[in-house]
Amino acid sequence: MNNENKINSSSLAKLARLARLEINKDSEDNLIKDLNEIIGFIDQLNEVNTDNVHPLSSVTGHELPLRKDEVIDGDINEKILENAPEQISGYFVVPKVVE
Amino acid sequence: MSELLRLNVSQVLEGIRKKEFSAVELTRCYLDRIEKTKVLNMYLEVSADRAIKMAQIADEKYKNNTARLLEGIPIGVKDMFCTESIKTTASSKILENFVPTYESTVSKKLWEEGAINLGKLSCDEFAMGSSNETAAKGNVINPWRSEEKRSPGGSSGGSAAAVASKSALCAIGTDTGGSIRQPAAFCGIVGMKPTYGRCSRWGIIAFASSLDQAGPLTRNISDSATMLKVMAGHDPKDSTSSLENVPNFNDFLDKGVKGLKIGIPKEYDRKGISEEILKSKEKVIDFFKQNGAEIVNVSLPLTKYALSVYYIVAPAEASSNLARYDGVRYGLRVDGDSLDIMYEKTRGVGFGDEVKRRIMIGTYVLSSGYYDAYYLKAQKVRRLIKNEFDEVFKKVNYILTPTTPTTSFKLGSTQDLLTMYLNDVFTVPASLAGIPGISVPVDLDKNGLPIGVQILGKPFDEGGIFQVGKVIEDSANFDLFSEGSYK
Amino acid sequence: MRDKNNIKPGQIQGQKNLWEMVIGLEIHAQISSNSKLFSGASAQFGKQANENVSLVDAAMPGMLPVINEYCIKQAIKSGHALNAKINKFSVFDRKNYFYADLPQGYQISQYKSPIVGQGSIKINDFENNEKIVGIERLHLEQDAGKSLHDQHPSKSFIDLNRTGVALMEIVSKPDLRSPEEAASYVKKIRSILRYVRSCDGNMEEGSLRADCNVSVRRLGEEFGTRCEIKNLNSTKFITQAIQYEAERQVEILEEGGKINQETRLFDTSTGQTRSMRNKEDAHDYRYFPDPDLLPLELEETLINKIKDELPELPDKLSERLINEYKITPYDAAVIVEEREFADYYEIAAQDRDGKLVANWMITELFGAIKKENLSFNDNPVPPQNLNELVFLIENNTISGKIAKEVFLQMMKTSKKPKDIVKEKGLEQVTDDSVIEGYIDSVINDNRDKVEEYLNGKDKLFGFFVGQVMKVSQGKANPNLVNQLLKSKLK
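Protein chains in written order, with my numbering: chain A, 1055 to 1153; chain B, 2 to 488; chain C, 257 to 746.
Here chain A stands alone, though its shape is the one from the complex (with noise of 0.2 Å):
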């Protein structure tokens, strides 16, 4: 591997922690390889030359559409609960939480 990678083990354990995500240590060196893989070729837009240009982060023509102030939704319990993996007297249950 060369000095130029981006990604190493460390800055991969930093990604998997942001992204909540177990990373086999089979699998680590696979997808280190990989990730600089693909940040080596999306490296390539440095060639563009996006001085002054505006940054697009929607096609959509339109305004953002506005909402009355109505309560038309909620009061379905048994609909937002039916899929949980755990629940207790109509709440959602996680392990226990230390703040």
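Calculated from the structure, these hints are not laboratory results. Quantities reported herein were computed from a predicted structural model and do not represent experimental measurements. Misleading hints may appear alongside valid ones.
[Said to hold, decoys possible] Counterexamples of contact, computed for chain C against chain A with all Cβ distances above 10 Å:
no.	residue
1	430
2	489
3	508
4	597
5	603
6	611
7	657
8	664
9	692
10	702
[Said to hold, decoys possible] Which residues of chain B face chain C? A partial, calculated answer using Cβ under 8 Å:
no.	residue
11	202
12	206
13	240
[What the hints assert, rightly or not] If you want a taste of the chain A side facing chain B, the calculated C-beta under 8 Å gives, among others:
no.	residue
14	1077
15	1091
16	1096
17	1099
18	1107
19	1113
20	1114
21	1148
Glycine included, C-beta positions come from ideal geometry on N, C-alpha and C.
Given chain A, work out where chains B and C should sit, using these hints.
For chains B and C alone, kept in the frame of chain A given last:
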């Protein structure tokens, strides 16, 4: 194969209306066909009982003379569309047990016009892939030369294969960077990606929100036009949904190409593209000339950067869109001692390799210190790419390109990531610009595999694209039932 | 060493140096809307778990946000009230992080382009001098849900009712220099938002809460490293937390230590701040524009229309009350604290002596309300009644002393003061002959004192006044008593 399976949408509508057969009979034919094509691994879920019930209602409607636009048309649904009380997984383990309590706007519109839901079709996991090889439930096999076990393309591989194998009369798919057009080309059918905002995204599992668009996969242009008419339209539940009027797309079909200017961008003749595909493109240029169109050479110099932009923007949005799959409210949960361990295990086990790669890339390009260099840069180049299309469309009415650089490849044959990504090289630019595009089958290559070409148009000019596509269809005379198709 | 008594609020005398606090606040104010910022579920507080939750709030696959128009207008209105610049172009971004009560895995917020830019408000510092506090920005964002950690030994429970409720985050500049100023700033913001009715300001229910950024520096030096104390929901806690945190930092710095920039929690039971155990280690929110939404572009005409419709705000109102009713700045400050107080006052003071009404309202009414533990809106004395009471004093129907008795009855019964005075026969006695009768009886009973008075012991005059008033049961008009006594005792 039942003769009923040979009929296209307008023929079916007419046949039922004339009482030549019933919607129930037709639906049973398709359900039988689904059984017979099981080996192709297209359907994740077959909603047989529901389909029969819907067909019975359709027959009632015909009896009462209240038949709707798609009354009795059996349709397969890509598993990216949430379907009420039918399991919806996005071909991912992380949603393996998810049953929505709601119906996506687009599929709902189809059912409200009398279409019949045959079931859910496999795709690449979260629509991330170009070969259908990332699906949790295994590969879909291209119906063409099926013994060779080739890829149907992706991500809407199940949808394209189902239509090509006559296991659905029509199918719906989603296209983020080519996911309708590329599999349509691989399977010898018509695949339309409408203008961004044309079809509501509400209820479609999001991959990359600024690119995702639903569209029809059909046997011909006319079916595509009929389907899109029903699927399109403003939805107040989707802020990016367009208010643009939805015309009757079938009205465009017989207008021909006389006097139209068709642009041929030189940048799409890149190395690595199959000779036969280039030949097919030349053939289509001849069709256009013969029908009175003017061929104009144009240039879209930034084309070569489109894939890089795409592989920044799409993973960035995906990394955020897929954060909701955390094992708390629905889907897979793998227990852990703490919340974070639960998250990491659930997502580690629930997502496949390609999805993980894209989440990691997306996280990387958005992370502090890299945002400007990657994400922001990509958004700027995206603007330039869109501007380039705008400029070219001042000179020409439509653009013709190949849909894919190659025809279908054998499953498992592409080991290299970037080679796989190159599958979308011709479809991605239109996705970035938000413009509509269609893939129309033209030929079979020397291996007997379908070749498609792509027509791109201005925003909301799907009608015109159908019009141009129809000329190709009529001239090419591509036969979906020819030697090599699934018997 | 400096005299401890010379230390101003917000300063800390350490072993070696005199330190000064530098405080900036991020206030999260819930917009008083019917429905949520991006969904049609109710924004109400305190219903059954997961009841006010839509598919969008629960971040079901394929769900999309659509913005609430009312919330945008409230943000614009609040921005105007903070004398701030309204940005015609603003962007909604995703702030990405994982938490059990954040269903989307991101919060929709505004990062680089907020709807409201810089502004300022006035507060009073500890010497009651006016002080300008800069506002950095105001932006719209979604609230998160609620995690309950005390329901189960090994599990946390998640309720998404609050998820997606519209918040305005108001960020101050680091202009505050003492816990008291911070509290006064929060009160002022609360008051302003309540005036424009964009937020109910209910701190107990969490409609308004603050994150405090605290650092210390030697007087006049550069800003130090700051710590952020999260989620304080009362001015008392804000004051305590800032004081504790600043002292903690001074102690560390004087011992040669370094402050770690971190997020801390305030423990209301111990009055201390502590580092969060669950560290959000790699704080990297990966903000980017939400592709499900478009930029918000506002028309100049809408911005101006909302400005024109703005109600009179506390500072302006206070100025007007001082001029119009001749009350003191202190009285005005108390009265304008709540819009309801001011509305009450203006009715009570109509055609009356404004100062007198202010005294009655601030001392008697507020005192009684506090004693009875009532909320202002539940108080049994309508402003018309207080107006009438002051009228009765002004026209000598009753004395100030009797008025206090009448007021007690008004609090008890909600009756009109005129009726109480009539029922209890409390009218002031202004009939000369009746008062002369009282005086005669006092003179008769105090012959010796009259003697002394007439021999030059002038100060006994007050004694006679008191005796007459006593005999009249307080009802005699004191001026008349004075006048008549003087002529009788010649």
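Going through the hints against the structure:
| no. | hint | verdict |
| --- | --- | --- |
| 1 | 430 | holds (26 Å) |
| 2 | 489 | holds (15 Å) |
| 3 | 508 | holds (23 Å) |
| 4 | 597 | holds (28 Å) |
| 5 | 603 | holds (31 Å) |
| 6 | 611 | holds (43 Å) |
| 7 | 657 | holds (53 Å) |
| 8 | 664 | holds (45 Å) |
| 9 | 692 | holds (71 Å) |
| 10 | 702 | holds (75 Å) |
| 11 | 202 | holds (6 Å) |
| 12 | 206 | holds (5 Å) |
| 13 | 240 | holds (5 Å) |
| 14 | 1077 | holds (7 Å) |
| 15 | 1091 | holds (6 Å) |
| 16 | 1096 | holds (5 Å) |
| 17 | 1099 | holds (5 Å) |
| 18 | 1107 | holds (4 Å) |
| 19 | 1113 | holds (3 Å) |
| 20 | 1114 | holds (5 Å) |
| 21 | 1148 | holds (5 Å) |
When each numbered hint is compared with the structure, no violation occurs for any of them.
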